[in-house]
Each structure stands twice: as C-alpha cells, then as structure tokens.
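A.B. asks: Sequence:
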Amino acid sequence: MSKVYTPYHFAPLSKWVYMPDWAHLVSQDVPFEDGYSGMIEYNLTNMTALCVGDRKDKNNVLRIARNPLGTPVIPGSSLKGMLRNVLDICSFGKFNQIDDKQLSYRDISAQSDYLNKIIKNNPPIAGWIKYDVKKQVWTFTKCKFAKVHHDVIKSDLKIAISNEDKAIERYAKLPLTSNYKATISEPRGKQKNCWAENLGKGDIEGQFVFTNKRIKGQGDANFYNFSYFFYGKQSEISSDTIQQEVDNLFSNHRSVTAKVGGVEYDQVDYIQKHSHPEHGIPVFALMMRGKVHSFGFANMPRVSYKHSTQSLLDNLSKEHSEPSYFSLSELIFGALRDEGYGLKSRVNFSDAVLQTKERSVTSGPVVLSGPKSSFLGAYIEQTEPENYKSYDHDDAELSGWKRYPVKPMFEENELSNDNQAVQSKLEMLSPSHEFKGHISFHNLKKEELASLVWVLTLNDSLGHYHSLGHGKPLGAGAVQISIETNNSLIISNDGRQTEFDVAKQVEAFVAHMDAQVTPKGKWLQTPQLQYLLAMCSDNVSFDNDFKYLPLTSFKEIKNKKSAIDLIEYGGELLSRSKHSPERRGSMSFAKGRLAGLFDKDSNYHKDLQQMAEEKAILAERDLEKAKQEEEKAALEDASPFDKNLGLLTLLVADQDSLSKTEKKNKANELRSITKELKELTLSPDELAQLVAQVSQITIAEKDTQKLLKWLNNQ
Numbered sequence: 001m002s003k004v005y006t007p008y009h010f011a012p013l014s015k016w017v018y019m020p021d022w023a024h025l026v027s028q029d030v031p032f033e034d035g036y037s038g039m040i041e042y043n044l045t046n047m048t049a050l051c052v053g054d055r056k057d058k059n060n061v062l063r064i065a066r067n068p069l070g071t072p073v074i075p076g077s078s079l080k081g082m083l084r085n086v087l088d089i090c091s092f093g094k095f096n097q098i099d100d101k102q103l104s105y106r107d108i109s110a111q112s113d114y115l116n117k118i119i120k121n122n123p124p125i126a127g128w129i130k131y132d133v134k135k136q137v138w139t140f141t142k143c144k145f146a147k148v149h150h151d152v153i154k155s156d157l158k159i160a161i162s163n164e165d166k167a168i169e170r171y172a173k174l175p176l177t178s179n180y181k182a183t184i185s186e187p188r189g190k191q192k193n194c195w196a197e198n199l200g201k202g203d204i205e206g207q208f209v210f211t212n213k214r215i216k217g218q219g220d221a222n223f224y225n226f227s228y229f230f231y232g233k234q235s236e237i238s239s240d241t242i243q244q245e246v247d248n249l250f251s252n253h254r255s256v257t258a259k260v261g262g263v264e265y266d267q268v269d270y271i272q273k274h275s276h277p278e279h280g281i282p283v284f285a286l287m288m289r290g291k292v293h294s295f296g297f298a299n300m301p302r303v304s305y306k307h308s309t310q311s312l313l314d315n316l317s318k319e320h321s322e323p324s325y326f327s328l329s330e331l332i333f334g335a336l337r338d339e340g341y342g343l344k345s346r347v348n349f350s351d352a353v354l355q356t357k358e359r360s361v362t363s364g365p366v367v368l369s370g371p372k373s374s375f376l377g378a379y380i381e382q383t384e385p386e387n388y389k390s391y392d393h394d395d396a397e398l399s400g401w402k403r404y405p406v407k408p409m410f411e412e413n414e415l416s417n418d419n420q421a422v423q424s425k426l427e428m429l430s431p432s433h434e435f436k437g438h439i440s441f442h443n444l445k446k447e448e449l450a451s452l453v454w455v456l457t458l459n460d461s462l463g464h465y466h467s468l469g470h471g472k473p474l475g476a477g478a479v480q481i482s483i484e485t486n487n488s489l490i491i492s493n494d495g496r497q498t499e500f501d502v503a504k505q506v507e508a509f510v511a512h513m514d515a516q517v518t519p520k521g522k523w524l525q526t527p528q529l530q531y532l533l534a535m536c537s538d539n540v541s542f543d544n545d546f547k548y549l550p551l552t553s554f555k556e557i558k559n560k561k562s563a564i565d566l567i568e569y570g571g572e573l574l575s576r577s578k579h580s581p582e583r584r585g586s587m588s589f590a591k592g593r594l595a596g597l598f599d600k601d602s603n604y605h606k607d608l609q610q611m612a613e614e615k616a617i618l619a620e621r622d623l624e625k626a627k628q629e630e631e632k633a634a635l636e637d638a639s640p641f642d643k644n645l646g647l648l649t650l651l652v653a654d655q656d657s658l659s660k661t662e663k664k665n666k667a668n669e670l671r672s673i674t675k676e677l678k679e680l681t682l683s684p685d686e687l688a689q690l691v692a693q694v695s696q697i698t699i700a701e702k703d704t705q706k707l708l709k710w711l712n713n714q
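Taking full-length UniProt numbering, the leading residue of the sequence shown gets 1, the next gets one more, and so forth.
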C-alpha cells in the first residue's frame, strides 16, 4: 500500500478502558486512608518556539497570553488539558472528547463506487422536504427539475450568477421564497437535459435552486455555469428513513459559510431561515429499494456513511462513552455526570509565569489547517488496499488520539496565493525560555499521585517533550517539565510529610500499570505507550516525515487507497496492535456511590458486572499468591526439612484453584522438593509428616506416587 505523511499521527485506541478499583470511593470530602495532599512546583522550558495564544490583534497576529503585568504566562487550563490528554492515552482512558459526526462522501472519480454502484443505478430525483408541524415529522414531496444556464439568467433577468458564487450568495440574489416563470425545453444534448428558458415570461412556475461551486474538470469552463429550476410538485413519498436522512443532510452541509446583510450563515442555517413558504427546502434524493437513501443539495448528493464516529467508537468499546465508567483521568481531573455523580477535580493548576528575559518574535504568515476526519487514509485504521476501510464498514476502527509529533524546530510552511484568508501570524517566544508554576493536589491515592508525576516527566525522561500551544504542526510548542522536589510537598492524610522522589513515583506508576494490563508486565510495550512516547521523542522526526501533504496529492491518495505511515522509532516500525491490552473489568463497577448508575435491565451492564466479579476472584487469587510468596520467603531461613515440609503444605493448600500452566509449575516445584528430600537423612517422625502431606497432593500424579513410594521405602 502506498503510504502517506502528515504533520500529525495517532496513538491507537484501546478496547479496554481502565477504571481503577477505587473509583467508587473517590470524594472531595472523605479522605483516603492512604491519601496524599500537597503541592508540586515545576519548571517548564521550551525546546522550540512557543506560542500559547490569547487573542488576535487587528493585524491578525495571535498574541501570547500575558498576566496583568504584561509578563508571558501559560494558563493553568492549557497545562491541565495537555497533561490530561497524556494521562488519558497512557492509562487507557475514555476517548470521549469527540464530536459525533455523521460523515458523508461524494466521489466522482472514474472508477469510484459512488458513480458505479450508487449514482449509475439510482439516478437522483428532485423534491422538497418540509416539516409537518401537526404530525411533527419531515415530509418529502417529488417534483420535476430542469437546468438553467447562468447566461440565460443574466440575459433574461439582468442578474449575474457565477459558478464561483456560493449557494448562499446566489440565493441572496434570487431568493428561494419567490416564484418565477419559465419555459421548459424538450430534452436535448447527449445527456438529454431539459432547460429552463424564457425566464420571467414562460408558462411554468417554479423556483431557482442553487448549489455551491462546481469543481472544474477538463473542457470549457462555461459548461459548469448552470443551476436548477424546480417545478411541477408531485406526490409525497413515504419512507421510514426520511427523518434520519434529513438529520444527515443538515449535518453534512454546514461547512460552507457566507455573509448576507452582515450576518454570517452556513448553508443549512440560511436555507432553513429562507425556505419556500409553501414547498419548504429543495433537495435531490437518492432512492434505494423504494426508500430514501440520502438527501443532498446537489444533483449528485453526498451519501452518508453507515456509521458515525460515535457508533464506530461504540463498536470498539462502549466503555468509552459509558456514564457508569470512570477513567483514571476522570477521577483525578474531574468528570461531568448527571444527578450528582460528577466529580470535582482534585488537582489545581496555577498559571506558569515566565522567569527569564523575554525574547519574542513574530512569525511570517502560516496556515494551521486542521485535519479532517473524512480523510480515511489517516482517521481510519488501514492495513491493505484490498481491505480498505471506511465509515461504512462494521469492523472499521478509528485511528485514535491525534497528536503532533515533536520536531526539533519551528519551520513556517510554504504558502500558496489562494489560502490567504486562513493565514495568520504567531507571536512566539524563541527556544529556552523558562516558566515556573505549581500544581496543588488534594486527597490523591498513591497511584494517582504517581500517575501525575509520570505524566509531568514523561516517564522521567530527558529525551521526551510535551506539545503545547499553537503551531504544533510546524514544530512549535515542544516543552519539558522538571519537578522542583525541594520546593514541592507531599503530606499523607495522617499528617506525615513524605519525601518527594521523582524516580520512585515513576517506578510506582509503571509497576501499577504493569499489574493492570493483560498480559501483565507489558504496559510500556502496548501500542498506546509505544506511539505516545515515540511522538514525544526529540528524535522521532529524523526517521519519519511529518510535513503537510500537498493538496494535489489527495486525489492520488484516494485512488490508490493509501494510508498514513506507521511510525519508525528505535530502528523499527511500531505495531498498532501487538501487545494490545485485553479487555477486563473493574471491581468498582456498580459499587458504593456508583450503584445507582447500574441498569438492571441492560445486558451490557450485566456483562460489566460479570467482568467485575471475575476480576474480584482473580484479585483474591493474587492476594493468596502474594501471601504464599511471603510464606515461602519466610521458609528460606528454616532447616531443610522444615523448609520442604512447609513448601509441601503450601502446595496442598493452593492446588484446587490452579490453571494448567500453574499446575505444570507446581509439578516442577514438587520435583525440586523431591530432589532436596532425597539428600536428607529423615527420622521416622519426619517421614510420617511428609507422607501425610504428600498423600493430599492431587496434581502431578506420577511425581506424587514416585515420592510416596520413596518415602515409604525409607
């Protein structure tokens, strides 16, 4: 598959949302027995130019945020958002800060499915949609339509309409609310089109219907200078899909805006406010098997994909949008919920204030165009062209958390002459400015405090950087945070002050997450951590291309079904699936204060409850294993006989709940015990004690019988 480069990339989504087992106990008012409060003081230094913008001035320059004294600052809200995003990724949090978009497409390339499978077999019909106030439903009524050339409008009505005009601008000249006369020609030309002529004098009454600019292909530009004339209202069509397709129509056509009479409108808003008083809103409809498949404002309507962004997310894991589930970042940074189930943040960020002398510059004009989720080669996980996914596929997966990989320096992009309307300039601090700020925290569990330290220091690494502020696609905003441990404070909830050791805090969070993922101990090897840390690395841009694609490349990308490159890091291409964490439950689900969120009629909630119970059983087994390990360790100083008798006693106590692998390990342990016993001189009483224990062993039958036979022969 041909690959694609972009200034952004994605940390993969997790099918598992980690809900800590203490989630039901979190409170502002009730302290944890093992909770901590205090303050973290930190320094923040920018490796590349930095612009945390506050406002644009009259010259379209985005100005740096400043305090009342004029000193540059980084607002606490900006820092909080930056760190929360990192915590969401590294702790397998909820991917819930997305708009639920019902995307659509219109692909007129030669061999597209749109032309060959949709338009070819289902020619669009014209009609009107109107809301029936009494029935509270949208209705769709067919009508006839003809094309009308813009030259004819100009000659007959003395009104100039151009293909360059937006639909809103055309309707402002020839309102949809008005009726016009015309003569409709017989079908003519290769495409057998009917044309509206003799405007203002004909015998057919109708309305002008406009679309946005047509993209010119080869041939005469005048070929694209036409609009439509709707007339001859016909029968109403009954279809149970009309309501949804009207919603999709309005969702799919809000990107084009224009000012009319000093008021900014998008296309949907304008046409709703200026609809025909009798007929409503003009549309073209695609019909499939007698039902409305799609509505559009053009004769080749945009077709809605089967799945919205939210439905694809739900297909991956419903926990991402489940109100009864609370991620680690929600517990720490706060969560919105109805009916009193929300959580306040237990961390507060001050503004970070510049400490060094200001050295600011203003960039040249830059374009910071945002990536669009309709770009399938980036926003949907892809593997091969033969299995290219779109929002129409039930098994399609969103690519995940969008981030801008760290670059070694800020570089302005090359501008074309046609994008001046979206250009802006940035007031920026040059590299190596130092800011100081602090974070106060209240009643955090030790694991939560450790997670905050890990996120601040990015695994306590000097080679990794956060991305902050504006201009990140061009390399701006690479910053690093160091904790001033001497000026920071940790006080346990019993009043004792605790030493602030960054390395120990980071190790504690790694150990905690290693224990949560399945398989255990692989947290840093998961795709989420691999991609997050790679994109934060100061050398990732040397092995990867993170430039903007030329606009001319997108057609080729679409035709070749190309996809975004895997990131190369550490001499290898990073997998987006290897070591993915397995889905598992949380013992906090529907417990304590969260019990009221449990829906007893929901099969999904019942599944989550079962997963919680299964995890509780596993947790109990883990405690038993930990207890046994402690008891084994205590036997190390015992006599050889007492040590092996104790090991046999532990083996008997644990044998009923073992997996196949664990039974195999116990069999090996039994063989080691046998080997050591054969080197001892045993008294009759010691032999009797050993026989009593070995006789209770129900695993490793052959090894057990061999040991019993040896003991009885002594």
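Just to be clear, a hint being listed does not mean it is correct.
Claimed, not checked - Cross-link-like lysine-lysine pairs, in silico, DSSO-like; alpha carbons within 30 angstroms at most:
| no. | residue 1 | residue 2 |
| --- | --- | --- |
| 1 | K627 | K522 |
| 2 | K259 | K117 |
| 3 | K372 | K402 |
| 4 | K520 | K318 |
| 5 | K591 | K446 |
What the hints assert, rightly or not - Across the chosen pairs, the derived CB separations fall in these ranges:
| no. | residue 1 | residue 2 | range |
| --- | --- | --- | --- |
| 6 | N539 | K190 | 55 to 61 angstroms |
| 7 | D545 | D314 | 32 to 38 angstroms |
| 8 | S77 | Q525 | 46 to 52 angstroms |
It is worth saying that the hints were derived from the structure and are not from the lab. Treat the numbers as computed from the prediction; the structure is a model and nothing was measured. For each residue, glycine too, the CB sits at the ideal point set by N, CA and C.
A.B. asks: None of the hints should be skipped; say for each whether it holds.
C.D. replies: Hints versus structure:
1. K627 with K522: OK: K627 and K522 at ~24 angstroms, within 30 angstroms.
2. K259 with K117: Violated: K259 and K117 sit about 37 angstroms apart, past 30 angstroms.
3. K372 with K402: The given pair, whose Cα atoms are some 11 angstroms apart, holds under the 30 angstroms limit.
4. K520 with K318: 23 angstroms, holds
5. K591 with K446: 21 angstroms, holds
6. N539 with K190: 55 to 61 angstroms: At roughly 59 angstroms between Cβ atoms, K190 and N539 fall inside 55 to 61 angstroms, so the hint holds.
7. D545 with D314: 32 to 38 angstroms: Cβ of D545 to Cβ of D314: about 34 angstroms, so the range 32 to 38 angstroms holds.
8. S77 with Q525: 46 to 52 angstroms: Violated: the Cβ-Cβ distance is about 33 angstroms, outside 46 to 52 angstroms.
When each numbered hint is compared with the structure, violations occur for hints 2, 8.
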